[in-house]
Amino acid sequence: MTLPASAPEPTHPDGPYRTLRRRFVRVPAPEPSTDAVFLALRRMRAPLIVVVAVFTVSVAGLTAIPGLDSDGNPYRMTVFDAIYFMSYTATTIGFGETPYELTRPQRLWVTVCIFASVVAWAYALGALLALLREPSFREALDRQAFVRRVKRLHRPFLILVGYGQMGRAAAETLDALGRSCVVVAADQESIDALAGAQLASDIPGLVGDARDPAVLGLAGLGSKHCIGVLALTDDDAVNLSIVMAVTLLRHDIPVISRANQRDTAKAMREFGAQAVVNPFERYGNYLVMRLRRPSTYRLLTWLISAPGTAVAPDTEEHEDGLWVIAADDHFGPEIAQDLEDAGLSTTVVWPADGAPDVSGAVGLIAGGADDATNLAMAGHARLVDPEVFLSVRQRSRRNEPLLRAFAPDSVFVPAQLTVQEALARVVTPDFWRFVVHVWGMPDAEAEALLDRLIATVGRHSPDSHRVVVGERETPALQRRLHGGRVLLGDLFRDPDDRDRQVAAVPVLLIRGSETFYLPGDDTPVQLGDVVLSVGSGQAFAIMADAQHYDHVLEYLATGEFVPATAVGRLLRRAAPKRA
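Quick note: the sequence shown uses full-length UniProt numbering, first residue 1, plus one each step.
Rather than coming from a laboratory, the hints here were simulated on the basis of the structure. Warning: the hint list may mix true and false statements.
Simulated restraints on C-beta separations [what the hints assert, rightly or not]:
1) Ser513 / Lys224: 24 to 34 Å
2) Pro442 / Ser513: 47 to 57 Å
3) Arg397 / Gly126: 39 to 49 Å
4) Glu445 / Arg138: 53 to 63 Å
Bear in mind the structure is a predicted one, so any value in this text is a computation, not a measurement. Ideal placement from N, C-alpha and C gives every residue a C-beta, glycine not left out.
Start from the sequences, fold in the hints, and give me the full structure.
If you want it as structure tokens, here you go:
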């Protein structure tokens with residue numbers, strides 16, 4: 001068999017990656033420990049001067065006032081004796097009169113010193129407590145602790161900027177995958193929420209303005225372990241600043257950003273963002289796909305869903321007609337433009353004007369900023385026309401049970417949509433490459449592929465598995481390829497019965513600069529190939545036997561049983577000679 005022509009990378013959703021950097025500049029990373037030290041010295045300078053002054057005057061007085069030794073002879077304290085005496089007197093410890101019993105003039109002076117030292121220490125302790133409660137000092141200490149935690153990260157990590165719904169969903173997903181991340185948020189409430197989140201790992205969090213490159217530097221942008229940045233704030237200007245900083249200072253790592261406006265998304269792409277996710281635009285694309293290419297939509301959403309999600313029921317292509325879009329922000333114009341680009345008629349209404357009129361309409365998109373209002377509009381539309389297509393926008397997680405019970409035809413969750421794409425691009429870029437290929441599939445081709453995947457791996461969304469053919473990951477396969485031939489389909493045979501296939505399907509093969517989608521079973525495997533497959537975790541574990549054990553691979557490739565041990569293979573080769 002000859003490999004199919006290498007499929008070009010689709011231009012949708014995003015264009016190629018490039019950088020505008022002209023000169024190398026180090027990532028700024030100020031040392032926060034110096035801020036805490038300088039602030040402490042500034043606030044404690046006067047109290048410490050008072051304590052030192054009282055101590056100095058007290059010591060000088062003790063050395064100047066004459067006393068008597070045990071024999072009644074005149075005696076003056078040495079500087080050392082005076083310092084020793086004041087050390088336990090000024091701190092109110094009390095240890096007696098040393099080295100000799102004090103005279104009345106000395107006791108009078110010590111009395112003055114005691115009261116003066118108590119006042120000085122009270123002043124110093126009060127200033128210290130005020131310093132510890134000062135927000136700027138606590139912020140400096142928190143930054144110092146944050147930097148230490150980031151420096152202790154010795155495995156790949158992502159920087160998440162923004163800890164709203166999208167940032168929280170991204171952190172939870174990364175934590176479930178066992179990936180490390182660092183969070184930068186604009187307010188303390190978000191970092192407090194991060195600290196109280198039910199996560200398996202302790203994620204470092206920093207309060208700061210991400211538009212400042214130094215804040216990104218503190219978060220580890222300059223670290224060799226930083227593998228990417230996700231800009232997920234709800235402010236397009238902040239996200240654009242992050243894209244600029246990462247592109248110019250660390251063009252070797254990807255930056256993926258959220259954008260709510262098409263113009264901002266265009267500026268981000270032009271400046272070099274590897275990917276820009278406009279949740280409103282994306283949802284419009286998904287909605288049009290569901291209406292025009294229902295099988296492609298089922299396949300795509302099934303692949304990017306969490307592992308174990310059941311495939312959506314089959315739907316038919318919807319007829320053209322009027323779509324009513326109820327929205328009170330730029331969600332309305334964004335969705336209207338996507339639908340109109342697909343040849344559909346739209347009208348945009350304001351939720352504040354009351355329940356929209358859906359008579360004669362084929363669909364309603366309840367996309368206001370309030371979940372309760374959206375659900376109320378959808379409920380009214382269902383009462384008016386039970387057959388109308390209903391799409392509801394969900395902003396808060398707490399309303400998810402209500403929407404599941406209401407069961408609209410489509411639910412738009414901006415956080416979920418953005419996080420799914422952003423993490424897929426960074427964590428599993430090869431899998432996302434296949435998803436982009438599926439995005440452009442004709443409906444009939446997508447339906448055939450979906451049927452094939454369901455027949456092989458079942459109706460629940462599969463995991464993805466990437467393997468590089470080489471000594472490290474596939475030692476047995478490498479040894480066989482040096483003097484033999486292995487077909488791709490052989491790797492997906494069942495070691496118990498080679499005529500059966502494991503619950504996995506190869507969907508992508510990367511060979512050098514070429515990418516082959518859905519390669520056939522008779523494709524020859526070569527060293528250095530990257531094979532991406534989808535299936536169950538159990539199937540991937542079974543396939544690992546063929547990649548590591550020569551006798552298993554021999555059986556899968558030729559159907560011939562060979563001993564598992566080297567001694568057994570030597571005896572087997574020697575047996576015909578004795579015969």
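May I ask which of the numbered hints given earlier this structure violates, with the numbers listed in increasing order?
-> Result: hint 2 breaks, nothing else.
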